[in-house]
Every structure is written in C-alpha cells, then in structure tokens.
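Student: Take a look at the letters that make up each chain.
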Amino acid sequence: MTCREFREGLHDYLDCALDRTRQAAASEHVTVCPECRHALERAQAAGRVLRHALERTAAEVALTPELSARILARGRVRPAGTASLLRGGQWLFLNPFRVLGAGAIVALALLALYVADLRTASRLVAARERPAFATFTIDVPFQTDRHAGVIHAEFSTR
Amino acid sequence: MPAHPGDSGAPLDLEVWLQAHGDRLLRSAYLLCGDAMEAEDLVQETLLQAFKSAHRFRGDSAVYTWLHGILLNLNRRHWRKQKRLVFDEARILRAPVAADRVEPQDDRDFQLTRLAQAIRTLSPEHREVIVLRFYDNLKIHEIAARTGASAGTIKSRLHYALRHLEKLIPGELNVFAAEGTHNQHSP
Ligand SMILES: [Zn+2]
Chain A
1 MTCREFREGL
11 HDYLDCALDR
21 TRQAAASEHV
31 TVCPECRHAL
41 ERAQAAGRVL
51 RHALERTAAE
61 VALTPELSAR
71 ILARGRVRPA
81 GTASLLRGGQ
91 WLFLNPFRVL
101 GAGAIVALAL
111 LALYVADLRT
121 ASRLVAARER
131 PAFATFTIDV
141 PFQTDRHAGV
151 IHAEFSTR
Chain B
159 MPAHPGDSGA
169 PLDLEVWLQA
179 HGDRLLRSAY
189 LLCGDAMEAE
199 DLVQETLLQA
209 FKSAHRFRGD
219 SAVYTWLHGI
229 LLNLNRRHWR
239 KQKRLVFDEA
249 RILRAPVAAD
259 RVEPQDDRDF
269 QLTRLAQAIR
279 TLSPEHREVI
289 VLRFYDNLKI
299 HEIAARTGAS
309 AGTIKSRLHY
319 ALRHLEKLIP
329 GELNVFAAEG
339 THNQHSP
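Line order of the protein sequences matches chains A and B.
My numbering puts the first residue of the first sequence at 1, with every later residue one more than the last.
My numbering puts the first residue of the second sequence at 159, with every later residue one more than the last.
Chain A extracted, bound-state conformation:
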C-alpha cells in the first residue's frame, strides 16, 4: 500500500470499512511508515478531542419535563383551543411567521367584509355625508406555546 492510498483510505481504515486485504495492508503500512502512523495518530487524537468537546457541549441541554409535556400535549388530538381555529391545531406550532400569516388572512377577510359593508352603507348615505376616509383597526389575538400576542392591523379607506 502506498502512502497516498493509506491517506485516502484513512477514515475507512478507522471505520474498519476497508476490505479485508486492504485493511491488513493498511495495518502493515503504519508499522513501517512513521509519517502515516503519525497521520493516523493525529486523526485518532482529533477524534478523541472532538468527541470530548461535543459531549461537553451536548450536556448543556437536557429533555425537561416541561418540553416532554408540551410535545405529548401536541401529539394528542386536541379539543378546541386557542390554536385550533385551524384544523388539527398543529398548523400553528413552532412558527411565529405562520401565526402572523394566519392573522393576516383573518385580517384581510375582515377587511373585505368591512369594505363590502362600507359600500352597502355608502349607497344608503348621501355622498356628501360620507366621511373623506375611515380608519379601521383589527386586533387578532394569538397564542402558541412560545408566542402570544395580538396582531394589530390598521386600515384607511377613502
């Protein structure tokens, strides 16, 4: 086995994923080639350090009873709740942008109703009595596990 072949197959060698002949040839190579032996030792050392660092970082988090409860609650078929105005209630979780999107759709629907209503009203009221413009505000409350608040929209019409 050449040095180049050894280096190219280094990760597979560490995985014992080379075929039997090449695995044996690689083992043989490191006994006679100090440079490749050094490369192997470096790779093994890097692996140990990285494992250690990752284990330590991973230990910064743990599954809490709160998170477990939240996930289990989401997995159940839920009765009507704040977020279940959309089918299944699952559409809303995690993503506040979806919540905003849902709010925007509701707001637009309300606006359409309002405009339709305004037109009807304007037919009934003399043109000179109509206000130059009207403002209309919509507040859509929303609530998910993480995010709660009100989407506030303000519209003006002439």
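You may find that some hints are simply not true.
Stated by the list, open to error - Calculated from the model, a selection of chain A residues having no Cβ within reach of chain B, i.e. all distances over 12 Å: (1) Met1; (2) Asp12; (3) Arg20; (4) Arg76; (5) Ala104; (6) Ala107; (7) Leu108; (8) Leu111; (9) Tyr114.
What the hints assert, rightly or not - Computed from the model, here is a short list of chain B residues facing chain A with C-beta under 10 Å: (10) Gln177; (11) Val221; (12) Gly227; (13) Ile228; (14) Leu273; (15) Ala276; (16) Tyr293; (17) Ile312; (18) Leu323.
Just so you know, these hints were derived from the structure itself, not from any lab.
Model, not experiment: these values are computed from the prediction.
Here a beta-carbon is modelled for each residue, glycine too, at the ideal position from N, C-alpha and C.
Once you have looked at the hints, place chain B with the ligand on chain A.
Tutor: Using the frame of chain A, we list chain B with the ligand on its own:
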C-alpha cells in the same frame, strides 16, 4: 380506522419515543443547530412528524435512526431557509473564537471550550458531518446514508471541516495526541 398511533386516543408510541430517544435527539439537535430553543423546536417537530408518518416506518431501521433521519432533514430544511448567512471560508477563518460562554477552569477546559465554539462557526454542512462522525459515532457510509450524500462527499466535507477547525484553533485538535492514551477524560 386509526391511521397512526394516537388516533385511538392513546399516544403511547410518542410517549415511548420521547422517553427512549428524546434526550439524545435534543442533544444531537443542539449540536447541529447550536441553539437550545431551536433544538427544542426541532425535537418537537421531529417527534410530531414521526408521529404523523408512523405508518411509513417500516421497522427496517432502529426507531432512533428513523427519528434522527427526520431530525436531520428538518434541520437541513431550516438552515436552507437561513441561507442568508453565507459561510465562505474566508469569513470562517477570520471569525474570532472567543471563550466567553463558559468560564474556563483550566487549560484543557479552555481548549475544549474554544473547540466547541469553533465547531459552532462551521458551515451547517461541515458541522453536520462533525456531529455525525464524532458525536453520533457514525461510519462514513452511515453518514452518507443518513444525509443522502455520497461517501466521497462526506469524506471531502469531513476533510474540510477538520481543516477549518485546525486553522481556527491551531494545534488544539492535536492537544491530546502527545498523551497517546484513550483516557482523555481524566484530568
Ligand atoms: Zn506511508
């Protein structure tokens, strides 16, 4: 009638999965995305997606492997959405690696902290391969299978990821090499 576990009103499998794999999934997610809150969301989304598609689980892999595959997909989808962050090599190499998150207790602690922070600055693809290789202890072909990339691509990513880390923190990947032992956990 129940299309998946839970329809019958007893979400037993979800609870079992959570108990058996939740913690490990969370830690893996945290390493992959680098943010505790995001990791919680990822795990939640993973388990619920698994729950919804449980009928597609054929049982030809371990449950954890299946769940972990879903987690990886969700994480990848998430980072693609966040592509506004461009991880070019030059930027990574210029990025300072400050040790301000954890108070270092000694040199080794300090070095591990620096290494952990350096891993966070890797591109998502490079971080993924480092986490899968060294936290999940997967072989090259297993990483390839789980990520849908070729073994050659995985080796190449691994090579560049290790090179990045060595450039960010010169010599530190080699810090225990001189010890030449497997007992790197003892002080
Ligand atoms: Zn050699």
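Student: Would you check whether B/Ile228 satisfies its interface hint, that is, whether its CB is within less than 10 Å of any CB in chain A?
Tutor: With Cβ-Cβ at 14 Å, over 10 Å, it is violated.
Student: So is A/Arg20 really clear of chain B, every C-beta pair being over 12 Å apart?
Tutor: Fine: 16 Å to the nearest Cβ keeps A/Arg20 off the interface.
Student: Could you let me know if the closest chain B CB is still more than 12 Å away from the CB of A/Met1?
Tutor: Holds, since 18 Å exceeds 12 Å.
Student: Can we keep the B/Ala276 interface hint, with Cβ of chain A closer than 10 Å?
Tutor: holds (9 Å)
Student: Taking 10 Å as the limit, does the beta-carbon of B/Leu273 come near enough to a beta-carbon in chain A?
Tutor: holds (4 Å)
Student: Are all beta-carbon distances from A/Ala104 to chain B longer than 12 Å?
Tutor: holds (19 Å)
Student: Under 10 Å, Cβ to Cβ, is where B/Val221 needs to be relative to chain A, so tell me if that hint holds or is violated.
Tutor: violated (15 Å)
Student: Identify whether the interface hint at B/Gln177 stands, where standing means a beta carbon of chain A within less than 10 Å of its own.
Tutor: holds (8 Å)
Student: Next item in the hint list is B/Gly227. Is there a CB on chain A closer than 10 Å to its CB?
Tutor: Since chain A brings no Cβ nearer than about 18 Å to B/Gly227, farther than 10 Å, the hint is violated.
Student: A cut-off of 12 Å on Cβ-Cβ distance, and A/Leu111 was said to be off the interface with chain B. Does that hold?
Tutor: At about 29 Å from chain B, A/Leu111 clears the 12 Å cut-off, so the statement holds.
Student: Hint check: is the beta carbon of B/Tyr293 less than 10 Å from a beta carbon of chain A?
Tutor: Holds - the Cβ of B/Tyr293 comes within 10 Å of chain A, reaching about 4 Å at its closest.
Student: Beyond 12 Å from every Cβ of chain B: is that where the Cβ of A/Arg76 lies?
Tutor: violated (6 Å)
In the structure shown, a violation is registered for the earlier hints numbered 2, 4, 11, 12 and 13, in ascending order.
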